[in-house]
Amino acid sequence: METSFRALITQIHGMLFGVFFLLAIFGVLVELCRSVYETRPPELTPAGHRLQRFYFVCTALLGWAAVLSGAYLVYPWYRAIPPLGVVNLAQFPQALLKSSAATAGWHNLGMEWKEHIAWFAPIAITMAAYVSIKYSSSIREHPQVRKAVLVFVIVALFAAGVAGYFGAEIDDHAPIQGGGTAIHWMGGSH
Amino acid sequence: MNPSPQQHEPIASVPAKPSLPNGPAAAAILSAGVGCFALSVVAVVADASKPVARFCTFYLPTGPLSGVTSTAIFLWLVTWFILARRWHNRTVAVAKVNAVAFLLLFLGVLLTFPLFADLLLGK
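From first to last, the protein sequence lines stand for chains A and B. For the first sequence, the positions run 5 to 194 when our numbering is used. For the second sequence, the positions run 158 to 280 when our numbering is used.
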């Protein structure tokens, strides 16, 4: 049972940061929707407010970790240009996808969309976290502000969903591989 | 029977907690819209122009994406900083701010969609 260094980093980017970010955005969305139906402002203890702040900050940090690890760790391996004469494109996912009409769309549509729209999510969630923390108990007094935050969070969920879906599909069709030494999870399994 | 002097005195009340002005929230909302729109515009321009793409290559292994996103994040944070300073203690027309922010966000999402961007660039 082993994996490559690059595959491990890709899994951390997608499965740890990406998936947890997506789940956390959904939590923010549920919390915002719930607050629309409150009849009284929530009465949280100081520990409750700290927990709420912690959740929002962690959500934003997960988003930034996902896009930064994607852009600066995984993406360079994805877009690496194969040297002339290389026939086996397994180590060059972008070239591998573009080499066949059947898979080129995963790059031309999937990656081209994902690499840009993904950044909308942490920007929107950072704004939502800031507003939610600053207006913690008074957000009911600002329904227009809450409406804007809700719209941005929905778009963040959509953006993270697009990035997650295409990320998973691209990695399925042209996985990131290599990176030197293989990492053995269980020494006895070969 | 005349009321006692005490009855004319205002009842002691808990001072109302001053409501936060909506300016800081509006600044965050509008700047987020600006950031998303800026990202997609810079991405389309870098896609259309080789010199811009080269200029946007801040980190060679990542290519133009590094400059596109860094520029957008810079514009987002600068806009947020400027608006937050101007509106920190103000109540602004949030409905108008929302309308502009939603428009920028919608256009941003549209411009990131490769088929739309290609159509725009005549590819």
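Derived by calculation from the structure, the hints in this document are not laboratory data. Incorrect hints may have been included.
Unchecked claim - Chain A side only, calculated, beta carbon under 8 Å to chain B, not exhaustive:
{"no.": "1", "residue": "Phe30"}
{"no.": "2", "residue": "Gly31"}
{"no.": "3", "residue": "Tyr41"}
{"no.": "4", "residue": "His53"}
{"no.": "5", "residue": "Tyr76"}
{"no.": "6", "residue": "Val90"}
{"no.": "7", "residue": "Trp123"}
{"no.": "8", "residue": "Ile137"}
{"no.": "9", "residue": "Tyr139"}
{"no.": "10", "residue": "Val159"}
What the hints assert, rightly or not - Here are the simulated DSS-like cross-link-like pairs (lysine-lysine), alpha carbons at most 30 Å apart as the crow flies:
{"no.": "11", "chain 1": "A", "residue 1": "Lys102", "chain 2": "B", "residue 2": "Lys207"}
{"no.": "12", "chain 1": "A", "residue 1": "Lys138", "chain 2": "B", "residue 2": "Lys253"}
{"no.": "13", "chain 1": "A", "residue 1": "Lys151", "chain 2": "B", "residue 2": "Lys253"}
{"no.": "14", "chain 1": "B", "residue 1": "Lys280", "chain 2": "B", "residue 2": "Lys207"}
{"no.": "15", "chain 1": "A", "residue 1": "Lys151", "chain 2": "A", "residue 2": "Lys138"}
Beta carbons: idealized from backbone N, C-alpha and C, even for Gly.
Hint-by-hint comparison with the structure:
| no. | hint | result |
| --- | --- | --- |
| 1 | Phe30 | violated (19 Å) |
| 2 | Gly31 | violated (19 Å) |
| 3 | Tyr41 | violated (21 Å) |
| 4 | His53 | violated (15 Å) |
| 5 | Tyr76 | holds (6 Å) |
| 6 | Val90 | violated (18 Å) |
| 7 | Trp123 | holds (6 Å) |
| 8 | Ile137 | violated (11 Å) |
| 9 | Tyr139 | holds (6 Å) |
| 10 | Val159 | holds (6 Å) |
| 11 | Lys102(A) - Lys207(B) | holds (21 Å) |
| 12 | Lys138(A) - Lys253(B) | holds (21 Å) |
| 13 | Lys151(A) - Lys253(B) | holds (13 Å) |
| 14 | Lys280(B) - Lys207(B) | holds (15 Å) |
| 15 | Lys151(A) - Lys138(A) | holds (16 Å) |
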